[in-house]
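Join the two chains into one complex using the hints; note that each chain is given alone, in its own frame.
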Amino acid sequence: MEKIMVAVKRVVDYNVRVRVKPDGSGVVTDGVKMSINPFDEIALEEALRIRERGDAAEVIVVSIGSSECQQQLRTGLAMGADRAILVETGQPVEPLAAARVLLKLIEREGVELVILGKQAIDDDNSQTGQMLAALWERPQATFASEIKFADGKATVTREVDAGLEVIEVDLPAVVTTDLRLNEPRYVKLPDIMKAKKKPLDTIAITDLDVTTDAQFKVTNFAPPEQRQKGVMVEDVAGLVKALKDKGLV
Amino acid sequence: MSRILIVAEHDGNSLNAATAKTVSCAADFGVEGIDVVVFAADGAAIAEQAARLTGVTRVIRVDHSANAQPLAAVLAPQVAALAADYSHVLGPSTTFGKDLMPRVAALLGVGQLSDIMDVQSAYTFRRPIYAGNAIITVEAPEDRTLVATVRVASYQAAAEEGAAEIESRDLDVALPEHTRFKEVRGGSSDRPDLQTAPRVVSGGRALGSSENFELIFGFADSIGAAVGASRAAVDAGYVPNELQVGQTGKIIAPELYIAVGISGAIQHLTGIKDAGTIVAINKDGEAPIFEVADIGLVGDLFQVIPELQSALN
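Residue numbers (this note's numbering), protein chains in the order written: chain A, 1 to 249; chain B, 1 to 313.
Chain B extracted, bound-state conformation (with noise of 0.2 Å):
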């Protein structure tokens, strides 16, 4: 029996594309079926969204109240009860899957494999460490289930082009009640998500201010791309927390990434590698965002992306 099992991810409306990325890396595996459970209140039309991507053999729906919210606590039994038949437990590597899969792993006495950036058989794989920094091929033991996370940023989104049956299931497992969802603030946004656009421009500390930051949020309206921010950035409080790519923050991977007035710390540099094309616009000719760029300009920020913006439409 060798059968993967993948958490969604989902905003109680619609399928998160991380999920779409784990079916990717799962299709990689060489495993007779991937099974998806989407945990909801109501998981209707999410489900049916799963059922459609490619390489899923089962899409699983768990309603309950107590799934409204993605509270780890509360799903990590859930996902323990099923994980008996399957000899994989995937989620993605996004701060949801990050908070549940070790809980997970846990509850059933195993280890958890974090960031899986490529596939090498079922047990094998390769993922980065020390910031991206250096790669590690490890090895899992194949007598126990193996839980692990998958980097997004390493895979395309599988394609919708399937037909997978749904099940809706009760389980019978008792929930803790000691966590309590309140709210969640901020994300709202008209502009295209970080995670998944394939145009991105990022502002750094070479901003000066939030009124500044500005400038950014116009050139990237202007060619509908998301934007970013170095942790700098976000530290100095210029932007928002979600907008921080890097280690600890978003790890993306669009065709465009354009970094403005962003130095280029390691930590910054191994949240954009998988990027198709990286232009940097610094003033310092020096700064280590010109080793990692195929495009760079040096020239000051406030001068170049109005006069690019121009150019541009």
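So here's chain A without its partners, still in its complex pose (with noise of 0.2 Å):
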């Protein structure tokens, strides 16, 4: 196939201890470190190995959202990806507007592949893959843990609640990826160097003639409730009593 395109989401870093605001107007970002979604940096990981065995031609890694987001788009173009491209917004978007924003860009390039992370580990939403299938009216394959490819088909082995289930789908196609697809590239420093002269082309998501208005309002943000303090128990015969006692055994 020609083009790849895969999407990175500028999300809170996954080690970050993510903290309400005491006014509970939405949670702390500032001065936390911001990374690509992992789930998001399988999906490039493995558009670039189709690539590297020559499945594929080109990668094109893209983002929506604030100029920050360049950062997470230069740190794809430094894993190898050949270009990028900012759909840039001061705006939250949405699941649903995200997908009509990728449909624009893959009629635009022509892509036959799009392979995004099966979730944001931000809203934790998992639905722009599914989305953007139904609008393209071309297959999705969620939850991927294999991707194989012959005859202008692709055979996804993907994660469900049952196990492994495997399903073939007719290119072109959505792939959304799920943690044991692939183990992501570090990136090397030469690689960042090669990655500043790349092409990064920056479009409005005004000038994308798409509806993007957000549906749903989000009215409070608030702590998970804790639990309560528990009880540490010195040994098997302990442990033993405490069940007892809470008449679980």
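Hints were generated in silico from the structure; no laboratory data involved. Where hints are given, some of them may not hold.
Claimed, not checked - Label pairs and their calculated CB-CB ranges: (1) B:GLU165 with A:GLY247: 37 to 45 Å; (2) A:PRO224 with B:ASP284: 22 to 30 Å; (3) B:GLU160 with A:GLU234: 39 to 47 Å; (4) B:GLU211 with A:ALA204: 39 to 47 Å.
Glycine included, every Cβ here is placed at the ideal spot set by N, Cα and C.
Here it is, written out as structure tokens:
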């Protein structure tokens, strides 16, 4: 195939313990480390491997958000993407709006495969890939742990509640990645230098002629309820007694 | 007109417990009716099970050879065709529902709400974000169909005291042929189901190997518990993916959860915080799992588990 598109979301880093602001207006993001959503990094790694084994010619990495998303796109270029597109907006973008934006880019670029993370670790929605596939009227293969190509088709192994499900989809298609699809490569310093010379185009979201207004209104952020402090027992006898006291054994 | 349509999850033979929990959530909306739709090759037995769920007004049975397997691309246009008669369309927040419901929403041109954990009104909900580190209150627009998934760990299964009518329907919808089911592997087990078992024993990286993980299986079997695992144990290949508990695995709410050799990353804790009692066994007394455990024991799991197993039997 010619082109693969991967979208990356700028999110609070996986290792940051997220805290709710005292006034309930959001979560603390000032001075917090931001990274590529881990599932999107897996998506990009998979696209690069497909290109490296000769099954695709070009990998385009895309992000939707503020100008700061350029950092994540540069990381994507350093990992090995050929070029980057930032769809710039200062507003929050819901999954349906993101899907509409991505569809516009697919149509412009003539993309044959889109690989996305199965969910973003900030809003935990797990929607964009499925919505994009619906709008595009193409197959979706979500939660992928293995992807193989032959004769214009992809055979995808999916991590589902029952175990592993294998489906076959015609291309073009949308694939979303699960954790065990691959282990993303580390970026080396020379690659970061090289990435600075790769093309990164910026498009204003308003120039794409898509409806992106928010449908849902978040009225409050609250910290989760804390579990009550438990007890420590000294040995197995103490554990058995504690379980019996609670009527659990 | 205010009615909810719930898309039933099943394995071709029987209804998944996630559907009964979704019905419980729907009962909190205060709407006029709750209908359940069963898509299957032959949904007779499944539809009868759904009709017994308390709160269900009607079961719609859509039998079609293309519905033999739950392919989102095939089911979504059928759900979308039925949606015109409903104010809300719900599915469980399982891999089935997460795959299907966004596709339904996009076909209807509406957004989708994920993981409802609390219903405040028919259009106001609470749901977790950031692996459960924050709970948001969300208002949905009332002028369009609301498509949503239900965080099933937040709800008890509906009782089985109902007798809803069952109606067979033929839908005149073009079904795509670009997606084909090949097979499902694994998952066949005589052990209790991880998502519904009242007792769960989970193992972590500290087990060290799939051979050592047999210790967890043996102990779980001895107390009739389901087996779970941390992401680290699954990534290391000790157990298959369907045992993973946490943000990106299964969210569970057993009465008793025993975490063995699991340090307790926030991504794991979000999967168990609705458990009745959490027991942690870990040799590192500083492990974060002890912050959420109701009962904690610092010790070597390879000594503690055999001892515990014989003490309980």
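Hints, verified against the model:
no.	hint	verdict
1	B:GLU165 with A:GLY247: 37 to 45 Å	holds (41 Å)
2	A:PRO224 with B:ASP284: 22 to 30 Å	holds (24 Å)
3	B:GLU160 with A:GLU234: 39 to 47 Å	holds (44 Å)
4	B:GLU211 with A:ALA204: 39 to 47 Å	violated (57 Å)
Against the hints set out earlier in the document, a violation occurs for number 4 only.
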